[in-house]
Every structure is written in C-alpha cells, then in structure tokens.
Amino acid sequence: MTQTDLLNDLKEFTELITKDVILPTRIQKEDEEPGLRAPDVYLMRITDARSAEKKAPYILHQLITSKDKQAPNQRMTSQAQIRSIVCVYSRNDEEGGLMLVELMERMRIAILEAIAIGHQFTLDRDEGVEILYYPDDTAPYFVGEMLTTWNMPNIERKLV
0 MTQTDLLNDL KEFTELITKD VILPTRIQKE DEEPGLRAPD VYLMRITDAR
50 SAEKKAPYIL HQLITSKDKQ APNQRMTSQA QIRSIVCVYS RNDEEGGLML
100 VELMERMRIA ILEAIAIGHQ FTLDRDEGVE ILYYPDDTAP YFVGEMLTTW
150 NMPNIERKLV
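In this text, residue positions in the sequence shown follow numbering that gives the first Met the number 0: the first is 0, and each later residue adds one.
Calculated from the structure, these hints are not laboratory results. Possibly wrong hints are sitting among the right ones.
[What the hints assert, rightly or not] Pair ranges (Cβ atoms, derived):
1) ARG44 with GLU104: 24 to 30 Å
2) ASP123 with GLU11: 40 to 46 Å
3) ALA113 with ASP39: 44 to 50 Å
4) ARG156 with GLU104: 37 to 43 Å
5) ARG105 with MET75: 33 to 39 Å
6) ARG74 with GLY34: 28 to 34 Å
7) ILE154 with ASN91: 46 to 52 Å
8) ALA138 with ASN72: 51 to 57 Å
9) LYS53 with ARG156: 44 to 50 Å
10) TYR133 with MET75: 33 to 39 Å
[To be verified] Mimicking EDC-like on lysine to aspartate or glutamate, the simulated pairs with C-alpha atoms at most 20 Å apart in a straight line are:
11) LYS54 with ASP136
12) LYS54 with GLU14
13) LYS54 with GLU101
14) LYS66 with GLU155
15) LYS68 with GLU155
16) LYS10 with GLU144
17) LYS53 with GLU94
18) LYS10 with GLU101
19) LYS53 with ASP136
20) LYS66 with ASP125
21) LYS18 with GLU104
22) LYS54 with ASP39
23) LYS54 with GLU144
24) LYS53 with ASP39
25) LYS10 with GLU112
26) LYS66 with GLU112
27) LYS10 with ASP123
28) LYS68 with ASP125
29) LYS10 with GLU155
30) LYS66 with ASP4
31) LYS66 with GLU129
32) LYS66 with GLU126
33) LYS157 with ASP67
34) LYS68 with ASP123
35) LYS18 with ASP8
36) LYS54 with GLU94
37) LYS10 with GLU104
38) LYS53 with GLU144
39) LYS10 with ASP39
40) LYS53 with ASP92
Owing to the predicted nature of the structure, the values given are computational and were not obtained by experimental measurement. For glycine and all other residues, C-beta sits at the position ideal for the given N, C-alpha and C.
Generate coordinates for the entire structure from the input sequences, incorporating the hints supplied.
Spelled out as structure tokens, the structure:
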C-alpha cells in the first residue's frame, strides 16, 4: 500500500495492456534492420538517461507529488500523482504522431476502465486523466505525457 507498490503495480498494469502494441525501434548500428517490439516500461528514471532516445519505444512512470490530508471528523486520505512519459520512434512524421496518440489512448482507456490497479489503488476521477502531446519538433521521436492522480489505501492512526 505504499507509493512504491503503486509504481510497481502501475508498471505491471502498463506492461499487460501494451504487450501486443508492436512499435518500431531505432536502428542502433549501421548494419542493423529496424526492430519491432512492445514499449519497455521504466520507473522514476531510465537507466542510462543519456541514451533515452535509443530506448524508444518506452513508457516512464514517475511519482510527482503525494498528499495526505484529514478533514475534521473525517478519515485521512492519501493521494499520489503520477506522470507517465511516453516516447515512440518513427521515420515518418505522420505515422510517428499517430503511433504516439494510439499508445496513449490505449493507456487512457485502460486506466479509466480499471476499477483498481493492484487491487488497491483507484484513479481519482475528480482529477481525471490529463494528456499533453509535446508540440516540439522532436522527430523521429514523438513524446507525450499523462498525469493521473491515485487514491491510496487509508492509513489508520495508532498510538505508539
């Protein structure tokens, strides 16, 4: 029921819903052919961030903020906000942009349909799902981000 559990459960959920989304990868060496695979999913940071573009396609889930609050005579509530960065690769600008939209749409719909992630984390539907497609000309990489707020399981106070 920790924020780390949320990240790990979100990674597992994302891998499940994107396992059949096969996208092109960048050619790494001159003698290689373009590859195809499902996006890799990372938490908090990408290993070897200097070569982040070489990792495309990928999804990176980052914990941005968390908040615990308790109104008078109410139970304590806890929330965590997650930023999910999505990156795809394509040599064709139009196809690359559409691949990004399709991948993020698959994620958005699956998150909205899910009752709970990991049987304990629920989407805060008041906050909703916010998506930003980066308008910069970053071709052949196409990047966007999704912001989601998750309700965490209640933490009960106790005497210590």
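Comparing the hints with the structure gives:
1. At about 26 Å, the beta-carbon gap between ARG44 and GLU104 stays in the expected band of 24 to 30 Å.
2. For ASP123 and GLU11, the hinted distance range of 40 to 46 Å is not satisfied, since their beta carbons lie about 20 Å from each other.
3. Between ALA113 and ASP39 the C-beta distance comes to about 21 Å, which lies outside the given range of 44 to 50 Å.
4. Checking the proposed 37 to 43 Å range against ARG156 and GLU104 shows it holds: the Cβ atoms sit about 41 Å from each other.
5. As the Cβ distance of ARG105 to MET75 is approximately 34 Å, the hint placing it in 33 to 39 Å holds.
6. Here the CB-CB span from ARG74 to GLY34 is close to 50 Å, at odds with the stated 28 to 34 Å.
7. Taking 46 to 52 Å as the suggested C-beta distance range, the pair ILE154 and ASN91 conforms, at roughly 49 Å.
8. Between ALA138 and ASN72, the C-beta spacing of about 55 Å keeps the proposed range 51 to 57 Å intact.
9. At about 48 Å, the CB distance of LYS53 to ARG156 agrees with the hint of 44 to 50 Å.
10. A beta carbon spacing of about 37 Å between TYR133 and MET75 agrees with the range 33 to 39 Å that was offered as a hint.
11. For the hint pairing LYS54 with ASP136, the CA-to-CA distance comes to about 19 Å; that is within 20 Å, so the pair holds.
12. Pair hint LYS54 plus GLU14 holds up; C-alpha atoms about 15 Å apart against a cutoff of 20 Å.
13. For the hint linking LYS54 to GLU101, the alpha-carbon distance of about 19 Å falls within 20 Å, and the restraint holds.
14. Note on LYS66 and GLU155: the hinted pairing holds, with a Cα-Cα distance of about 15 Å set against a maximum of 20 Å.
15. About 12 Å separates the Cα atoms of LYS68 and GLU155, which keeps this hinted pair within 20 Å; it holds.
16. Distance check on the hinted pair: LYS10 and GLU144 sit about 15 Å apart at the alpha-carbon level, within 20 Å; holds.
17. Between LYS53 and GLU94 the CA atoms are separated by roughly 18 Å; this keeps the pair inside 20 Å, and the hint holds.
18. With a CA separation close to 19 Å, the supplied pair LYS10 and GLU101 stays within the 20 Å bound.
19. With a C-alpha separation of about 17 Å, the suggested pairing of LYS53 with ASP136 holds against the 20 Å cut-off.
20. For the proposed pair LYS66 and ASP125, the alpha carbon gap of about 15 Å is at most 20 Å, so the pair holds.
21. Proximity of LYS18 to GLU104 is assessed by CA-CA distance (about 15 Å); at most 20 Å being required, the pair is judged to hold.
22. Proximity of LYS54 to ASP39 is assessed by CA-CA distance (about 8 Å); at most 20 Å being required, the pair is judged to hold.
23. Straight-line distance between C-alpha atoms of LYS54 and GLU144 comes to about 16 Å, which keeps the hinted pair within the 20 Å bound.
24. Using a Cα cut-off of 20 Å, the hinted pair LYS53 and ASP39 holds, with the two alpha carbons roughly 12 Å apart.
25. Distance hint between LYS10 and GLU112 is fulfilled; the C-alpha atoms sit about 17 Å from each other, no more than 20 Å.
26. Simply put, LYS66 and GLU112 have alpha-carbon atoms about 24 Å apart, too far for the 20 Å limit, and the pair is violated.
27. Restraint check for LYS10 and ASP123: satisfied, since their Cα atoms lie roughly 18 Å apart, inside the 20 Å limit.
28. About 16 Å separates the Cα atoms of LYS68 and ASP125, which keeps this hinted pair within 20 Å; it holds.
29. With a CA separation close to 27 Å, the supplied pair LYS10 and GLU155 exceeds the 20 Å bound.
30. A C-alpha spacing of about 16 Å is found between LYS66 and ASP4, which places the hinted pair at or below 20 Å, so the restraint holds.
31. Of the supplied pair hints, the one linking LYS66 and GLU129 holds, its CA atoms being roughly 18 Å apart against a limit of 20 Å.
32. Between LYS66 and GLU126 the CA atoms are separated by roughly 14 Å; this keeps the pair inside 20 Å, and the hint holds.
33. Taking the CA atoms of LYS157 and ASP67, the gap is near 16 Å; set against the 20 Å cutoff, the hint holds.
34. A C-alpha spacing of about 15 Å is found between LYS68 and ASP123, which places the hinted pair at or below 20 Å, so the restraint holds.
35. Among the hinted pairs, LYS18 with ASP8 is consistent with the structure: their alpha-carbon atoms are about 15 Å apart, no more than 20 Å.
36. Under the criterion of a C-alpha separation no larger than 20 Å, the hint pairing LYS54 with GLU94 is consistent with the structure, at around 19 Å.
37. For the given pair, LYS10 sits about 17 Å from GLU104 by alpha-carbon distance, which is consistent with the 20 Å threshold.
38. As the CA atoms of LYS53 and GLU144 are separated by approximately 18 Å, the hinted pair is consistent with the 20 Å bound.
39. Between LYS10 and ASP39, the direct Cα distance comes to roughly 10 Å. Compliance with the 20 Å bound is thereby established for this hinted pair.
40. Between LYS53 and ASP92 the alpha-carbon distance is near 17 Å, which keeps this suggested pair within the 20 Å criterion.
Comparing the model with each earlier hint shows violations of hints 2, 3, 6, 26 and 29; every other hint is respected.
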